[in-house]
Amino acid sequence: MKMDMSQYLDVFLEESKEHLENLNQKLLELEKNPDNGSSLNEIFRSAHTLKGMSSTMGFEDLADLTHHMEDILSDLKEGLLTASPYVVDALFKSFDRIQSIVENIENGHGGESDNRDLIEVLDGIKSGLGAQEAAAAAEPQLVLESPPPREAALSSVNGIDINEYEHSILQVAENSGMKIYAMKIEIDRDCLMKSVRAYMVFRALEEDGEVVKSVPSAQDIDDGKFDGNFTVLLVSKNGLDETIKRLNNISEISVAGYEAIALTQLAPRETSAAKTEAENLVLDGDVKDGKKGAKIKQTVRVDIERLDNLMNLVGELVMHKGRLEQIAANRKIIELNEAMEQIDRISTDLQSVVMKVRMVPVEQVFNRFPRMVRDLSKELNKEVDFIIEGKETELDRTVIDEIGDPLIHLLRNAIDHGIEPTAERLVKGKPAKGTVLLRARHEGNNVYIEVEDDGGGINTERVLQKAVEKGLIDTKQAELMGWDETIGLLFYPGFSTAGTVTDVSGRGVGLDVVKSKIEALSGEIFVEARPGLGTRFRIKLPLTLAIIQALMIAVQNEVYAIPLSAVDETTMISSQEIKMMQKQEVIQLRGTVLPLYRLTGLLGLPDPEQENESMYVVVVRKGDRQIGLVVDTLIGQQEIVIKSLGRLFLGIPGIAGAIVAGDGNVRLILDISTLF
Amino acid sequence: MENIESAPIESSYEANQDIQIVAFKLGKEEYAVDILHVQEINRLLNITRVPRTERYIEGVVNLRGNIVPIINLHTKYSIQSAGDEEDKRIIVFQIDDLKVGIIVDEVSEVINIKAKDIEETGRVYESASSEHIKGVVKVDDRLMILLDLNKIFD
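These protein sequences, in sequence, are chains L and B. Reminder that position 407 of the first sequence reads as 407 in this note's numbering, one-by-one numbering, no gaps. Reminder that position 72 of the second sequence reads as 72 in this note's numbering, one-by-one numbering, no gaps.
The reader is advised that the hints may include incorrect statements.
[Claimed, not checked] Computed from the model, here is a short list of chain L residues facing chain B with C-beta under 8 Å:
1) 664
2) 667
3) 671
Please keep in mind that the hints were generated in silico from the structure rather than gathered at the bench. Cβ atoms here follow ideal geometry from the backbone N, Cα and C, with glycine treated the same way.
Required output: the full structure, derived from the provided sequences and hints.
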C-alpha cells in the first residue's frame with residue numbers, strides 16, 4: 001500500500017530547505033571551532049530529521065545519503081572522529097548533493113540520484129577510523145551539555161542539573177519551611193497522548209506545590225519529546241500524601257518513586273547553568289514561572305500567496321478609502337468626514353500590521369552567504385574573515401527576494417577584487433586575513449545594507465585606463481573626470497577591472513546589473529573607497545515596495561504616478577524660461593541649470609500643436625542629478641498600491657508598475673531611474 | 001526547452017476527443033480557440049496604453065484588481081477591423097500562469113467539435129505566418145482558424 005504523500009510535499013520541501021540552511025550554518029561554525037558540541041548536536045539533529053522525512057516521503061536515495069552522513073556525524077559526536085578539513089569538505093559536498101536532490105524534487109524531476117561517489121567517500125572516512133577507534137574508545141567521551149539526560153535515575157538526584165536561578169528559588173522555598181521532593185512519573189507505554197497526561201500530572205502537582213524543574217524540560221514534555229517518563233523537582237508545604245492521591249486518580253500514569261531531598265544535594269552546576277540559560281532562553285522562561293508548561297511564542301506558517309492576497313485586499317481598501325475621502329471632500333458632509341477619519345486611522349493601522357507581517361529579517365538572505373564566502377575564499381586561496389552585523393533587520397519580503405543576487409555580486413567583488421592576495425597584504429603590513437563585513441541597519445524609512453572590505457580600495461587610474469581601453473570614454477574625457485565620475489564608470493554596462501578573468505567574477509555581468517536591480521527596487525547604491533584601506537558599497541532600500549506615496553500627473557489624456565521619493569519639487573515656468581544648451585532644453589531653477597524633458601516625447605505621445613504660455617514642471621531626482629519633467633496637469637499626492645504589470649511587460653524602461661486608480665482604471669507608475 | 005508536463009492542452013488531442021471551441025471574428029474571418037483556455041469574455045473595458053511596448057500591445061485593463069495585458073491581433077497580423085463597435089469584446093485567456101486578453105470584433109458562439117475535425121494547417125497555409133495557427137476547423141460550411149495561443153503569446 002502506498003500512501004499519497006503529495007499533500008505533504010510542500011511541507012517536506014520547505015522543511016528540508018530550512019534544515020539544509022541550518023546544516024550549512026552549523027557546519028561552518030563547527031569548522032571554525034571543531035570542539036563545539038552544540039553545533040555538532042544541531043547538525044546531527046537536522047541530519048536525522050532530514051533522513052526521517054525523506055524516507056517517509058519515499059525518497060530512498062536521499063534517505064540513503066543522509067543515513068551515511070549520519071554515520072559520520074555520530075562518530076564525530078562520539079568523539080571517534082575529529083572535524084578535520086577533509087571530513088568537513090565531505091559533509092559540505094553531501095549537503096550540496098542533498099540540496100540539488102531537493103531542488104530536483106521541487107522542480108518535479110523526482111528524487112533519484114546516484115550518490116555512490118559521495119557514499120564511498122563517507123564510508124571511507126568511517127572505515128578509516130580503524131586505528132583511531134581503539135585509542136578513542138579509551139578516552140573519555142565528548143561531554144555535551146545538551147540535550148538534558150533523558151533518563152534521570154531517581155535513586156540519586158545526580159541526573160538533575162539546576163541552574164543558579166532554580167537554586168535560588170529552592171533556597172527561598174527551603175528557608176520558608178517548604179520541602180523539596182524529587183519525583184519520577186512513568187506514563188504507560190501505550191498511552192496515546194503522553195503530553196496530555198503529563199499536563200494533567202503537572203496540574204495535579206501544582207495544586208498545593210510548585211514544580212521548579214522537570215527533566216526533560218516542560219517544553220519538551222509539552223512537545224512530546226520524552227520517552228514516557230520524567231522527573232520533577234517539587235516544592236511543597238504539606239508533604240506529598242494528598243498529591244499522590246490526586247496522581248493516582250489520573251489514568252495511564254504511575255508514580256515510579258519519590259523522595260525528599262535537601263538542597264545541599266543539588267549544587268548548581270555553574271557552567272551548564274550559564275549555557276542552558278543562553279541556549280534555551282525560552283525554556284528557562286518556562287521553568288522560571290514554573291506555574292505550568294507555558295507555551296513559547298507561537299508562530300504560524302502561512303502560505304506567501306495568502307499574505308499577498310491579504311496585502312491586495314488592504315490595498316483595495318486603501319484605494320476605496322481614497323475615493324470616499326474625495327466624495328467627503330467634494331460634498332462637504334461633516335458627519336461623513338468624521339467617520340472617514342476613523343476609517344483612515346483603522347486602515348492605517350491595518351496597513352502597518354499587514355506590512356509588519358510581511359516583514360522578514362534579512363537573516364533569510366544573509367544566512368546563505370557564509371558558506372559562499374568560505375567556498376570562494378578557498379577557491380581564490382585568500383583568507384577572509386566574514387562578519388555579519390544586523391541580520392535581524394527587517395525588510396519587506398518583496399525586497400528580500402530580490403536583494404540576494406546583487407549582494408552575492410558585491411560580496412564576490414569584495415573577495416575577488418577587493419581583498420588582496422595574502423602575500424601582498426603582508427607586504428603592505430596588513431593582517432594576512434582579510435575582513436569582509438556585511439551590515440544591515442534601519443534608518444528612518446530606509447534600510448541600509450553595506451558590503452565593506454579592508455582590501456586595496458579602488459584604483460581610479462586603472463578604472464580610467466580600462467574605460468578608455470573599452471572605448472567607454474576617450475583619453476580627453478578621462479583627464480577631466482573627477483573621483484565621483486570615475487567611480488560612476490564602474491556601473492557602466494560591460495565594465496570589469498579584474499586583471500585576470502577568474503571563475504568568480506568577470507562573467508560579463510557587471511556592477512551595472514547590480515545598480516539596475518537596486519534601482520528597480522527604488523533603492524540607491526553608493527561607493528566609498530580609500531586607496532589601500534578598503535571599499536564600501538552602501539545600498540539604500542525602502543522598507544516596503546507595496547504601498548507608496550506618489551504624485552499623480554497627467555499628460556494629454558493619460559494619467560501617471562511618479563513615486564514621491566523621486567520628486568524634489570513641482571514648479572511652474574513660462575515658455576520663455578526654456579533655453580537651449582547643446583541641443584538640450586534647460587531651465588534655471590534658483591541658480592542651478594536643469595535639463596528639461598517633455599513627458600509627451602518620452603512616452604511616445606504627439607507633441608501638442610500649440611505650446612502653452614506656462615507649464616508645470618516636476619523636478620525629479622535621478623541618482624544625484626536633478627531633471628525637470630514637463631507635464632500638463634498636476635493632479636495631487638496619493639497613496640498608491642503597486643501592482644506588477646506581469647511578465648509580458650518585464651523591463652520596460654521608464655515603467656515601474658501599475659496601480660488601479662479610484663475610478664477602476666489602470667494607471668502606470670513612472671520609473672524615473674530608467675525613464676531617460 | 002520541451003517540457004512534457006506543461007505542454008499545451010491542444011497537443012494531446014485524441015482523434016475522437018470532444019472539444020469545445022469559442023468562435024469569434026477578427027475582421028471578416030472567423031477564428032476559434034479551445035474553450036479550456038478561455039477565462040472570460042468582457043465588453044471593451046477602459047484600456048490603459050502602455051508606452052514603449054510593441055505596437056500590437058493595446059495596453060492593460062483592470063479585471064477585478066488584476067492587471068491584464070490586452071493584445072491587438074488586428075495589429076499583430078495586419079487584419080482590418082470590421083463590424084460594429086458595440087459587438088467588440090475582450091476574450092481573456094489563462095495560459096499557465098499568464099493571464100492575457102485579445103480584442104475581437106465579435107464573439108459568435110461555442111461549438112462542439114471532434115478533434116479529428118481539425119485539419120492540419122500545412123495543407124491550407126504555406127506561409128511563415130501560419131505558425132500561430134493550430135489548424136482549420138470545418139463546421140457545416142464555415143471555416144474557422146484554430147489559433148495556437150501558446151505561439152501567439154510567446
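Okay, the hints, checked on the actual structure:
1. 664: holds, 6 Å
2. 667: Since chain B brings a Cβ to about 7 Å from residue 667 of chain L, closer than 8 Å, the hint holds.
3. 671: violated, 11 Å
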